[in-house]
Every structure is written in C-alpha cells, then in structure tokens.
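Peer 1: Under this note's numbering, the sequence shown has 99 at position 97, and the numbering climbs by one with no breaks.
Hints listed in this document are in silico derivations from the structure and should not be mistaken for laboratory results. Since we're looking at a predicted model, the values are computed, not measured. Incorrect hints may appear among the rest.
Claimed, not checked - Restraint-style ranges between C-beta atoms, simulated for each label pair:
| id | residue 1 | residue 2 | range |
| --- | --- | --- | --- |
| 1 | Ala116 | Ala46 | 26 to 34 angstroms |
| 2 | Glu105 | Pro183 | 38 to 46 angstroms |
| 3 | Ala111 | Glu85 | 25 to 33 angstroms |
| 4 | Pro59 | Ala111 | 29 to 37 angstroms |
Yeah, the Cβ is synthetic: ideal placement off N, Cα and C, and Gly gets one too.
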Amino acid sequence: MTPTLVIVPGLGDSGPEHWQTLWERKFGAARVRQDDPEEPDPHAWAARLDEVVRDTPGELVLVAHSCGVPTVAHWAAHFEVPERVRGALLVAPPDPERPNAPEEVRRFAPLPSAPLPFPALVVASENDPYAASKWAEALADTWGAEFVTAGEAGHLNTASGHGDWPDGEVLLSECLHAWTPHPFTRF
Numbered sequence: 003m004t005p006t007l008v009i010v011p012g013l014g015d016s017g018p019e020h021w022q023t024l025w026e027r028k029f030g031a032a033r034v035r036q037d038d039p040e041e042p043d044p045h046a047w048a049a050r051l052d053e054v055v056r057d058t059p060g061e062l063v064l065v066a067h068s069c070g071v072p073t074v075a076h077w078a079a080h081f082e083v084p085e086r087v088r089g090a091l092l093v094a095p096p097d098p099e100r101p102n103a104p105e106e107v108r109r110f111a112p113l114p115s116a117p118l119p120f121p122a123l124v125v126a127s128e129n130d131p132y133a134a135s136k137w138a139e140a141l142a143d144t145w146g147a148e149f150v151t152a153g154e155a156g157h158l159n160t161a162s163g164h165g166d167w168p169d170g171e172v173l174l175s176e177c178l179h180a181w182t183p184h185p186f187t188r189f
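Given these sequences and hints, build the entire structure.
Peer 2: Set out below in structure tokens:
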C-alpha cells in the first residue's frame, strides 16, 4: 500500500504552480493549511501539522518545503510521532540563524538538534538564497537524515523555475521505495 503524502508548505502556502501544489493534486495528498501562512509561529505550525497527521489515516510520508522543513523538525521534537510516519522529504530548509534571514524564518531558531524519529532526505540547492548547501548538509547529519544536492537550483520553488519539479518526483519515488515495506514475490 502506498503511503499518503502530507504536503507541508512554507511561507505563502506554496502557490498554485508550486510543485507541492501540483503533487497534492497529482497524488491526492493531504495538505497542512496554516491559519496565517505569511506569519509563522513554530509551535502553532507544528500543532497544525500534528492535527493533519492525526486526521489522515494510514501510512504517511511528509513532503516539506522551505519553512515547512523546520515545522516538521519542531513537530518531531515536541509532539508524539506515530509509527505510521514512514519518512520525510525535506526540501530547501532555510537557515534561521543566517545573518540575512528574514524575520519570519528567524522565528524557527533554534532548530531542534535531536535526530528525527523517522527516515528523512534533505534536498538543498548550491545557490539557495536562504541557506548554504554546506549548512543544509550539516543539518541533515544532525537530524540523522540523508542529504542530496540539487545543484544550482535556487530555492527549489516556482520562482527558481521548478514548477512540477520532475527531479523531485524521482527523489520522492526513491524515498517511497526505501521507506515502505515491500512483500516478497510469491511463486
């Protein structure tokens, strides 16, 4: 059985042409809708994620972008994570302690430093204006996650040319295969 994707957007709720929104429609995903997607409150955003996780049946894979990534980390650190969460695809995490970080991003500092209680893949760009790739790689290591660079891909959003993001779908497929038990073939 294929897990249900839970889309965890960042600031602005990932617009209609963002790959998260396109994936939501394509895969019938659940989506976390924050009360105010322009004014993040890490605890409130994590609590809303917890509501969606509790209300969505079956096995789940979280798909977070930008400020959705620290939302997942704060949720995992402060809420009971059900075993049915198979993993998380964490794309373009912003560095909340970067000197030029926007105020909305700085609210997520400090990021939790404990390993995540589920498998995860952090995907970062080498020219993301919100985080250095080396920082994202160190963050993945801190969280016990795998890391992959997307090359020079900006913030991996619509503005940087990633509408449906086919490379991301390949990564998602690999994650689903790795994180989901598969029965042996019967003869």
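Peer 1: Would you pick out the hints that fail for this structure and give their numbers low to high?
Peer 2: 1
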